[in-house]
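Chains A and B are the protein sequences, given in the same order.
Quick note on numbering: UniProt numbering labels position 160 of the first sequence as 160, and the sequence is numbered without any gaps.
Quick note on numbering: UniProt numbering labels position 218 of the second sequence as 218, and the sequence is numbered without any gaps.
If you're looking for bench data, these hints aren't it; they were derived computationally from the structure.
There may be inaccurate statements among the hints.
What the simulated footprint calls covered on chain B by chain A, stretch by stretch (three residues with Cβ under 8 Å from a Cβ of chain A suffice, anywhere in the stretch; the number is not a length) [what the hints assert, rightly or not]: (1) 20–34; (2) 193–203.
Sample of chain B residues lacking proximity to chain A, with all beta carbon distances greater than 10 Å (derived) [unchecked claim]: (3) M1; (4) Q6; (5) P51; (6) T54; (7) P119; (8) L131; (9) P133; (10) F224; (11) G228; (12) R235.
Note that beta-carbon positions come from the ideal geometry of N, C-alpha and C, so glycine has one too.
Protein chains: 2
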Amino acid sequence: MRFLSQTSSGGVTEQPFLLGEIPGVLWTPEAADPLALVLIGHGGGQHKQAPGVTGRALRLVAEHGFAAVAIDAPAHGGRPKSPEHDRLITEMRSRMTGGGDPAPVLAELHTLLAAQSVPEWRSVLDALAGLGPAGYWGLSLGCALGLPLLAAEPRVRSAVVGLSGTAMVPPGAAAGVTVPLRFLMQWDDERVPREDALTLFDALASAEKTLHANPGKHEDVPPFETDGALRFFARHLA
Amino acid sequence: MRFLSQTSSGGVTEQPFLLGEIPGVLWTPEAADPLALVLIGHGGGQHKQAPGVTGRALRLVAEHGFAAVAIDAPAHGGRPKSPEHDRLITEMRSRMTGGGDPAPVLAELHTLLAAQSVPEWRSVLDALAGLGPAGYWGLSLGCALGLPLLAAEPRVRSAVVGLSGTAMVPPGAAAGVTVPLRFLMQWDDERVPREDALTLFDALASAEKTLHANPGKHEDVPPFETDGALRFFARHLA
């Protein structure tokens with residue numbers, strides 16, 4: 001892991017890095033060793049320093065003494081897109097605006113991306129093994145790429161996921177997830193059918209899993225769910 | 001409201017009372033004025049000092065500086081049962097043990113009980129008007145009797161309800177509920193069909209409402225949901 005710079009503000013040190021060709025950012029407490037490490041998976045079309053990612057990272061570090069790390073998902077941020085990525089992304093957008101069903105294309109795209117991102121996240125865990133037990137926090141695309149990671153990686157011990165449905169995640173991933181989970185859904189999600197989200201929650205194999213459903217659309221997750229997710233990690237990792 | 005006795009322990013004062021013929025218990029902080037008042041509705045077959053009621057009351061007072069009040073529901077605790085109560089309770093138990101569908105009988109029983117308990121709770125609020133803004137915390141029977149109260153009583157400003165389904169609550173009650181709500185359901189509830197609980201959540205008219213679903217049966221609500229409910233009231237009433 002090659003750190004590109006280091007800045008500190010408000011008790012939080014931010015270090016962009018490259019791990020091989022993967023661009024990422026590590027946030028750590030300025031004054032003490034972190035209690036644990038939370039991996040943050042960004043949403044579709046976003047990147048490692050999208051406002052929702054940075055906002056979560058700063059609170060994890062400043063309020064709870066955790067470290068946080070985010071990487072650009074394959075084909076996101078400044079990362080290269082293959083012709084296959086381009087084809088699937090174009091097809092997905094065409095269906096989303098044209099009224100077709102994007103779910104089968106999303107599942108195919110997410111399966112392709114996950115095959116690359118799962119080993120990438122594992123190499124991040126290798127590089128940051130000294131930072132304590134790990135959690136994962138990812139919604140929407142971050143959920144679709146996170147579930148296969150949770151199924152494959154015993155070092156990740158708890159997770160906050162959601163804003164996704166059974167038709168949008170790599171097939172079979174949910175059945176391999178056994179860590180304590182919080183699963184968020186939006187009751188009026190315009191991108192995820194209600195039944196699809198409930199079916200995905202049902203398929204998760206974790207003995208401890210809690211569904212939180214709130215009214216509103218995909219982007220309308222209420223701020224108190226962020227507070228609650230922070231407490232969830234404090235309870236499971238600290 | 002006629003107080004029958006007063007004892008204090010661990011900073012909490014407990015005062016059993018009679019309000020007309022309604023037996024109740026009031027819990028208050030020993031050393032300061034309460035910040036707010038939480039009404040606790042007990043479950044079916046329970047009473048005002050069932051362990052789950054007293055446990056919640058003590059935490060509301062000791063940890064958050066609230067007052068808490070519980071009353072015996074009609075036909076519960078030491079209260080008289082009418083022949084109609086007896087008939088419905090016998091029929092309900094017969095269906096629950098004999099494999100019939102108890103839901104229609106439960107709806108009829110709960111509608112009968114709510115017609116009596118809603119004005120009773122309102123008279124409790126009249127008697128305790130000085131104790132600050134009010135919340136309501138009731139699961140199962142406590143939800144079935146709580147929703148009509150929430151629909152009728154603007155002094156109750158937030159609520160934690162659940163462990164009930166649309167077929168078990170008085171018809172139309174959910175559509176009149178508009179306060180911020182937390183709704184608990186058990187994903188494998190042997191008494192409340194999953195779809196029934198989801199339909200009841202959907203029918204609640206509150207703009208702010210959050211469904212929390214956890215694996216397990218009716219009695220298996222995880223302890224962290226009690227912690228969460230306490231924080232919910234702290235956020236909405238304190």
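Cross-check of the supplied hints:
1. 20–34: Since three or more residues must qualify, the claim that chain A covers the segment 20–34 of chain B is violated, with 0 doing so at under 8 Å.
2. 193–203: holds (count 3)
3. M1: 35 Å, holds
4. Q6: 36 Å, holds
5. P51: Correct as stated: the minimum Cβ-Cβ distance to chain A is 23 Å, above 10 Å.
6. T54: 25 Å, holds
7. P119: Non-interface label stands for P119(B): nearest chain A Cβ at 31 Å, farther than 10 Å.
8. L131: 25 Å, holds
9. P133: P133(B) clear of chain A: closest Cβ-Cβ about 19 Å, beyond 10 Å.
10. F224: About 7 Å separates F224(B) from the closest Cβ of chain A, which leaves it inside 10 Å; violated.
11. G228: 7 Å, violated
12. R235: 7 Å, violated
When each numbered hint is compared with the structure, violations occur for hints 1, 10, 11, 12.
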